[in-house]
Structure formats: structure tokens, C-alpha cells
Amino acid sequence: MQFVILAGGLGTRLRPVTLTVPKPMVPVLGKPFLLHQLEELKRQGVRRALLLIGHLGDRIRDYFGGGESIGMELDYSQERELLGTGGALKLAEDKILDDFFVIYGDSFLPIRYAGFEAAFRRAKTEGMIAVYRDPAGATRVAGNVALSPENLVARYDKNGTGPGLDWVEAGVLAFSRGVLRRIPPGRVVSLERDLYPALISEGTLAGYPSAHRFFDIGTEERIRDMEAWLKR
0 MQFVILAGGL
10 GTRLRPVTLT
20 VPKPMVPVLG
30 KPFLLHQLEE
40 LKRQGVRRAL
50 LLIGHLGDRI
60 RDYFGGGESI
70 GMELDYSQER
80 ELLGTGGALK
90 LAEDKILDDF
100 FVIYGDSFLP
110 IRYAGFEAAF
120 RRAKTEGMIA
130 VYRDPAGATR
140 VAGNVALSPE
150 NLVARYDKNG
160 TGPGLDWVEA
170 GVLAFSRGVL
180 RRIPPGRVVS
190 LERDLYPALI
200 SEGTLAGYPS
210 AHRFFDIGTE
220 ERIRDMEAWL
230 KR
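For the sequence shown, numbering that gives the first Met the number 0 assigns the number 0 to the initial residue and increments by one for each residue that follows.
Check each hint, because a few of them may be wrong.
[Claimed, not checked] Here are the simulated SDA-like pairs of lysine to any residue, each with C-alpha atoms no more than 25 Å apart in a straight line:
id, residue 1, residue 2
1, Lys89, Leu55
2, Lys157, Thr17
3, Lys89, His54
4, Lys94, Arg79
5, Lys94, Lys123
6, Lys89, Ala197
7, Lys230, Val140
8, Lys30, His54
9, Lys230, Glu220
10, Lys89, Pro196
11, Lys89, Glu191
12, Lys123, Ala197
13, Lys30, Leu13
14, Lys157, Arg186
15, Lys157, Glu78
Hint data in this document are derived by calculation from the structure and do not stem from the laboratory.
Start from the sequences and build out the full structure, keeping to the hints where you can.
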């Protein structure tokens with residue numbers, strides 16, 4: 000499967016830093032967050048990735064280039080206007096040639112991708128999202144996913160409101176390439192707001208429970224959490 004990283008967000012909660020630094024390049028323990036992500040992929044044998052860049056995207060391209068310095072092959076899709084997570088995928092459709100993973104450019108999950116892919120193949124759904132049960136609130140993110148007994152996503156609420164939301168979306172997804180046909184071109188489309196509801200209503204979005212917690216860089220406090228974990 001192909002690896003696609005959503006790296007075009009504005010990072011408004013980290014301003015003023017993200018006015019001049021793209022969010023995926025925010026330093027975490029002395030190096031860009033995106034470098035931590037790519038090193039984890041490489042550790043698991045991944046050698047190619049497609050980066051979907053937008054806000055200050057040239058900074059990302061200038062830093063990584065074609066990926067030679069980190070022993071990977073990197074390609075890019077550049078948004079000229081913000082299209083949302085789904086719109087960015089649609090824009091890159093010609094470069095997405097296979098079923099694919101999507102990794103949020105501000106989230107780090109040390110999951111075994113081979114196991115995730117095997118589960119996705121067995122499920123035979125159009126999509127699968129990694130989820131983490133976090134009753135202690137270690138991730139500082141409210142539960143936003145409800146799963147059925149068959150591990151299908153029964154409900155998703157990004158705001159974490161309502162009963163039964165026992166799982167937190169963990170920042171890694173898998174999709175069949177055919178899901179791109181559901182996304183209209185040239186429009187702002189959100190995976191969470193626009194695509195998930197359609198897949199959930201058709202019973203074709205599964206959950207993949209992760210034993211590993213995830214980290215994200217949405218706030219300075221969460222960055223410190225990840226740095227503490229990296230130092231362990």
C-alpha cells in the first residue's frame with residue numbers, strides 16, 4: 000500500500016510559530032516532527048511516501064527534497080488553496096496509484112503497519128481508521144469514535160459529544176483507492192465531516208484498535224508529552 004501524509008494544515012493553535020514554520024516542521028526534541036514520522040516509516044521498511052503540502056509547503060520541500068538525505072523517495076502534491084483533508088487527497092489522485100494509508104501530519108502513532116494492512120484486507124471495507132481507547136485521558140483528546148461489536152465504526156463525532164464514544168481516532172487511516180471517486184474535484188472536502196458519514200452509513204468504515212497511544216502536536220502541552228515519551 001502507498002503512504003500519504005497530510006502535511007498542509009495551518010496549525011492555528013500553535014501560532015505565532017506556525018506563521019513562519021509549517022506545522023509538520025515544528026521542532027520536537029530538536030528536529031522537525033515530520034522527520035520523526037518519516038523515520039518511523041523507514042524503520043518499518045517503508046521507502047516511499049507522498050506528502051500533501053499546502054501552507055508554507057515550500058519549506059517542507061526545501062528541507063526534504065526528494066528524500067535522499069533520509070534514504071527515502073518522497074513525492075509531493077501542492078495545494079494552492081486549502082481544500083481540506085479530502086480535497087487534498089482528490090487533488091493528488093493522479094499520484095495515488097494503489098490502496099493507501101493516510102497519516103495526519105501532526106499525529107504520531109508507533110503502530111505496526113503490516114498488521115494494520117492485514118486487518119484492512121481482511122475487513123474488505125472501503126476504509127479503516129486506527130483508534131485508541133483512552134479512559135485515563137493520556138492523549139488529552141476526547142473520545143470521538145463508537146465501534147460496533149464487529150469493529151465497524153458506528154458513529155464519529157469530532158467534538159466528542161454524546162454517549163458511546165469510547166475510542167479516539169489515532170491519526171492513521173487506510174483506504175481503497177476507489178474511495179477517491181466519492182470526493183468531488185476542486186472543492187473543500189473534509190474526511191471527518193463529508194466522507195466518514197457516507198462510509199459509516201454504508202457499513203464500510205472499520206476501526207482498528209491500537210494498543211499503542213498516539214501523540215500529536217496540536218498544542219504545546221501535547222508536544223511536551225511526545226518529547227517526554229521520546230526521552231524515555
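Comparing the hints with the structure gives:
1. Lys89 - Leu55: Distance of about 20 Å is within 25 Å: holds.
2. Lys157 - Thr17: holds (23 Å)
3. Lys89 - His54: Holds, because 17 Å separates the two Cα atoms, which is no more than 25 Å.
4. Lys94 - Arg79: Since the Cα atoms of lysine 94 and arginine 79 sit roughly 17 Å apart, the hinted pair holds (cutoff 25 Å).
5. Lys94 - Lys123: This hinted pair holds, its Cα atoms lying about 23 Å apart.
6. Lys89 - Ala197: holds (16 Å)
7. Lys230 - Val140: holds (22 Å)
8. Lys30 - His54: The given pair, whose Cα atoms are some 19 Å apart, holds under the 25 Å limit.
9. Lys230 - Glu220: holds (16 Å)
10. Lys89 - Pro196: Between lysine 89 and proline 196 the Cα gap is close to 18 Å, so the pair holds against 25 Å.
11. Lys89 - Glu191: Status holds; Cα separation ~15 Å.
12. Lys123 - Ala197: Within the cut-off at roughly 16 Å; holds.
13. Lys30 - Leu13: holds (16 Å)
14. Lys157 - Arg186: Between lysine 157 and arginine 186 the Cα gap is close to 21 Å, so the pair holds against 25 Å.
15. Lys157 - Glu78: Holds, because 24 Å separates the two Cα atoms, which is no more than 25 Å.
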